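Enquirer: As you go down the protein sequences, you meet chains A and B in turn. Going by this note's numbering, the first residue of the first sequence is number 1, and it counts up by one from there. Going by this note's numbering, the first residue of the second sequence is number 1, and it counts up by one from there.
Source of the hints: derived by calculation from the structure; they are not laboratory data. Fair warning: this is a prediction, and the values are worked out from it, not measured in the lab. The beta carbon of each residue, even a glycine, is placed where N, CA and C say it ideally should be. Incorrect hints may have been included.
Claimed, not checked - Below, computed lysine-lysine pairings styled on DSS-like, alpha-carbon distance capped at 27 Å: (1) B/K8 - B/K166; (2) A/K383 - A/K402; (3) A/K64 - A/K184; (4) B/K8 - A/K70; (5) A/K68 - B/K166; (6) A/K184 - A/K70; (7) A/K64 - B/K131; (8) A/K467 - A/K447; (9) A/K198 - A/K274.
As the list claims (entries may be wrong) - Across the chosen pairs, the derived CB separations fall in these ranges: (10) B/V165 - A/T152: 13 to 23 Å; (11) A/K151 - B/I90: 56 to 66 Å; (12) A/Q125 - B/L161: 50 to 60 Å; (13) A/A197 - B/I90: 56 to 66 Å; (14) A/I39 - B/I90: 54 to 64 Å; (15) A/P212 - B/V165: 28 to 38 Å; (16) A/L248 - B/V165: 12 to 22 Å.
Letter by letter, the chains look like this.
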Amino acid sequence: MTDDSGQKLPDAKVRRGYASLMSIWIVPAIALAVAAYLIFQALAERGSEISIIFDNAEGMVPGKTQLKYKDVNIGTLSRIDILDDDEGVSMVIDVNRSADKYLTDTARFWIVAPAIGFQGITGLQTLLSGSFIEIDPGKGGKRETKFTGLKTPPVITSNDKGTEYLLSTEKLSNINRGTPIIYKGLQVGSVLGYRLAKDKKAIDVYAFVQAPYDDLVLEGTNFWNAGGINVSVSTSGIELGANSLQALVAGAIEFATPEIYQSTFKAESRYQFKLYDNQQAKDDARFTEKVVYVLYFDGSVSGLTVGANVEFKGIKVGSVRDISLEIDEANQKYYIPVLIDIEPQRIKLTDDGKKIRSVLETRELRQKIIKDLIQRGLKAKLKNSNFLTGALIVDLDLVPDKPAVYVSSSGRYPEIPTVPADLEEITSSVAQLMAKLDKLPIERLGKSLTGTVEGLDKFINSGELQKTIEEYRKLAVSVRVVAQNIDTKTLPNIGKTIDGVREAIAKIDETLASAETMFSSVNGLIADGSPFKYDLMNMLQELAAASRAVRSLADFLERNPSSLISGKR
Amino acid sequence: MTAPVTAKSIGAVSCHVCGLLVSNRYIAEHMADCPRCDAALHSRKVNSLNRTWALLIAAAILYIPANVYPVLTLISFGRSTTNTIMGGVIELAQSGQMVIAVIVFVASVFVPIFKIAALLFLVISVQSRLKVQQRKRALLYRFTEFIGRWSMIDIFMISILIGLVKLQALATVTAGPGAIAFAAVVIITMFAAMSFDPRLIWDDEGNDNDG
Numbered sequence: 001m002t003d004d005s006g007q008k009l010p011d012a013k014v015r016r017g018y019a020s021l022m023s024i025w026i027v028p029a030i031a032l033a034v035a036a037y038l039i040f041q042a043l044a045e046r047g048s049e050i051s052i053i054f055d056n057a058e059g060m061v062p063g064k065t066q067l068k069y070k071d072v073n074i075g076t077l078s079r080i081d082i083l084d085d086d087e088g089v090s091m092v093i094d095v096n097r098s099a100d101k102y103l104t105d106t107a108r109f110w111i112v113a114p115a116i117g118f119q120g121i122t123g124l125q126t127l128l129s130g131s132f133i134e135i136d137p138g139k140g141g142k143r144e145t146k147f148t149g150l151k152t153p154p155v156i157t158s159n160d161k162g163t164e165y166l167l168s169t170e171k172l173s174n175i176n177r178g179t180p181i182i183y184k185g186l187q188v189g190s191v192l193g194y195r196l197a198k199d200k201k202a203i204d205v206y207a208f209v210q211a212p213y214d215d216l217v218l219e220g221t222n223f224w225n226a227g228g229i230n231v232s233v234s235t236s237g238i239e240l241g242a243n244s245l246q247a248l249v250a251g252a253i254e255f256a257t258p259e260i261y262q263s264t265f266k267a268e269s270r271y272q273f274k275l276y277d278n279q280q281a282k283d284d285a286r287f288t289e290k291v292v293y294v295l296y297f298d299g300s301v302s303g304l305t306v307g308a309n310v311e312f313k314g315i316k317v318g319s320v321r322d323i324s325l326e327i328d329e330a331n332q333k334y335y336i337p338v339l340i341d342i343e344p345q346r347i348k349l350t351d352d353g354k355k356i357r358s359v360l361e362t363r364e365l366r367q368k369i370i371k372d373l374i375q376r377g378l379k380a381k382l383k384n385s386n387f388l389t390g391a392l393i394v395d396l397d398l399v400p401d402k403p404a405v406y407v408s409s410s411g412r413y414p415e416i417p418t419v420p421a422d423l424e425e426i427t428s429s430v431a432q433l434m435a436k437l438d439k440l441p442i443e444r445l446g447k448s449l450t451g452t453v454e455g456l457d458k459f460i461n462s463g464e465l466q467k468t469i470e471e472y473r474k475l476a477v478s479v480r481v482v483a484q485n486i487d488t489k490t491l492p493n494i495g496k497t498i499d500g501v502r503e504a505i506a507k508i509d510e511t512l513a514s515a516e517t518m519f520s521s522v523n524g525l526i527a528d529g530s531p532f533k534y535d536l537m538n539m540l541q542e543l544a545a546a547s548r549a550v551r552s553l554a555d556f557l558e559r560n561p562s563s564l565i566s567g568k569r
Numbered sequence: 001m002t003a004p005v006t007a008k009s010i011g012a013v014s015c016h017v018c019g020l021l022v023s024n025r026y027i028a029e030h031m032a033d034c035p036r037c038d039a040a041l042h043s044r045k046v047n048s049l050n051r052t053w054a055l056l057i058a059a060a061i062l063y064i065p066a067n068v069y070p071v072l073t074l075i076s077f078g079r080s081t082t083n084t085i086m087g088g089v090i091e092l093a094q095s096g097q098m099v100i101a102v103i104v105f106v107a108s109v110f111v112p113i114f115k116i117a118a119l120l121f122l123v124i125s126v127q128s129r130l131k132v133q134q135r136k137r138a139l140l141y142r143f144t145e146f147i148g149r150w151s152m153i154d155i156f157m158i159s160i161l162i163g164l165v166k167l168q169a170l171a172t173v174t175a176g177p178g179a180i181a182f183a184a185v186v187i188i189t190m191f192a193a194m195s196f197d198p199r200l201i202w203d204d205e206g207n208d209n210d211g
């Protein structure tokens, strides 16, 4: 074939074509499919919109803040509305469809933000990532889209397995949300919260014990507050104890089951326990059995308080229950009835191991023992337990030799007779002594004594004694003259050594001492104020002056030994 | 003005690769290769308008998810930030980086839309046998083909960021579904531009008697 110009064009090589196996229209089809898939996915992920009411929107950023469950994003905060009634803010959150199942009326929401508490630092990761909202889905329930957020993160989430118990306490002290619950030093749970009991008299503490450990909580288990510092003052000193630093600061609740209650059933959820103030209170509570007695004391009970110990020979057997004042208008008398609780369970019976008794029998036996003791002369008295504070305890003791005085007229409670307190006893026995002294024949005794004294007087004033003393006085004067002579005249001639002087002084001292003993024995014979005594006193004073002169001489010689040669200047 | 002589008008096919004029005796019935360089011979690009149409539609469809979905997810300090193309442009503009904002806007928003619109105009104008402003339309085509590749700037940027920013907890960048859609838009529009045969603009008959 030729073209217009007549030139021959080369023929094309014919080949087997693939035709258009695929139409180009597959491309937009695929594009459509991809776009459709993406849009579908977006619609599928776009779950429901929920709103959560919080107090404020601290740290919340619309479009950024996430809703997380177990640290997995399940939604994003889309906007924050301020509620019309000004009672907080409403967080509107787009929740993924996959998380729709969590949005039930048992779900709880809270804001995770860094917090430093007694239990440590939490939410540290949010320092960098910012706060987020966390959900605890709860356990089923109706679908819900409006929620109210928790002010603080819950102590446990619905995933924590365990049992919740109610602890009833008189006062909350240092128990708080999150206070640990300890079993043998191991933290096994925590306090979820607390609420005033329905009767407004106690506080119900909600305690949660984690799963494997809740088997340890039996119906007979005791819970007590193990926080704070335990201070116990005893004769051996002061003991200071605290469970752990955390317990010291944040408090702690400890529990244990007494040996005898080990066979009780496992406590059910929401079982109510009493929370004892401390371990001591818990230990005391073992003695459930209480017998009330009344005591009437004559004197003041100042220093005795409700709760003070009742001891028998130093062992606690009970405590003071009540102290009051009764005035008997008709008889113009007053009474101070002190009610005491005797806890018979504190008393062990020696044959307890051998004989098997029923609980009732044991109880009766114990009460009978106390009655017997009263009959055998059991008396109560007040005893000082602490001399610093003047605190009193009730001391029971067997005082069979004193008569039992019963005061009670009402007979509501059995009475234990009292005896005066030790101090009281002393004063009363002094009074008794005075009374006895009063009866003694003092006048007669006085007369004969006077006679004896007179006889003595005659003997002293007879003159012979006077003479003897006079002679001694002369002797003392001559001794003094000798001493003065030594000082002035014979000084340069007295021995060449101080030792010699010392010997002389010692001898003089001996003489003086023997003279003094002599004079003192004489002095014993003379009555006060007699002229002999006066003379004797004079003589002794002179003797003392003589010895002083000798001593000063010795001192002088010691300081100036040269004076022995050169004389005193 | 007489119509200029073209290969087509003299019953010949010009090889796309080596320019050899080949008689189109067989070409009407058979697939044919150039006897000199073995390249496939077509009088005009095969199915040019159809292909361009199909690719344009695909690109237009994908352009929606490309803009709706985030192209980039930056996880920094545990907080993830996602950005769509327009969102990124707005954020850049707000943070004062107007130059970069304009570049991103031109490369990522303006160019794809311009390409799709321009090709659409060319295809429609060829099909409606419009015989005006042929030179300007040819210029438009060349411009379209030229700027097409610049849209890939975004995709390259994202790829580099993903590769570089792997600081684990501090910052991690991942591509969003929008990035894939956007890359597809850019590639498909490039193919659409390639599959359009500008010679159709000049064909008297407007009869794309190809293949």
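Enquirer: So, for every hint listed, does it hold in this structure?
Expert: Hints, one by one, checked against the model:
1. B/K8 - B/K166: 57 Å, violated
2. A/K383 - A/K402: Holds, because 17 Å separates the two Cα atoms, which is no more than 27 Å.
3. A/K64 - A/K184: 45 Å, violated
4. B/K8 - A/K70: Cα-Cα ~71 Å, so violated.
5. A/K68 - B/K166: 24 Å, holds
6. A/K184 - A/K70: 31 Å, violated
7. A/K64 - B/K131: 55 Å, violated
8. A/K467 - A/K447: Answer violated: A/K467 to A/K447 is near 31 Å, above 27 Å.
9. A/K198 - A/K274: This hinted pair holds, its Cα atoms lying about 15 Å apart.
10. B/V165 - A/T152: 13 to 23 Å: 37 Å, violated
11. A/K151 - B/I90: 56 to 66 Å: 37 Å Cβ-Cβ, so the 56 to 66 Å window is violated.
12. A/Q125 - B/L161: 50 to 60 Å: Since A/Q125 and B/L161 have Cβ atoms about 25 Å apart, the given range 50 to 60 Å is violated.
13. A/A197 - B/I90: 56 to 66 Å: 59 Å, holds
14. A/I39 - B/I90: 54 to 64 Å: Cβ of A/I39 to Cβ of B/I90: about 23 Å, so the range 54 to 64 Å is violated.
15. A/P212 - B/V165: 28 to 38 Å: 45 Å, violated
16. A/L248 - B/V165: 12 to 22 Å: This hint is violated: roughly 48 Å between Cβ atoms.
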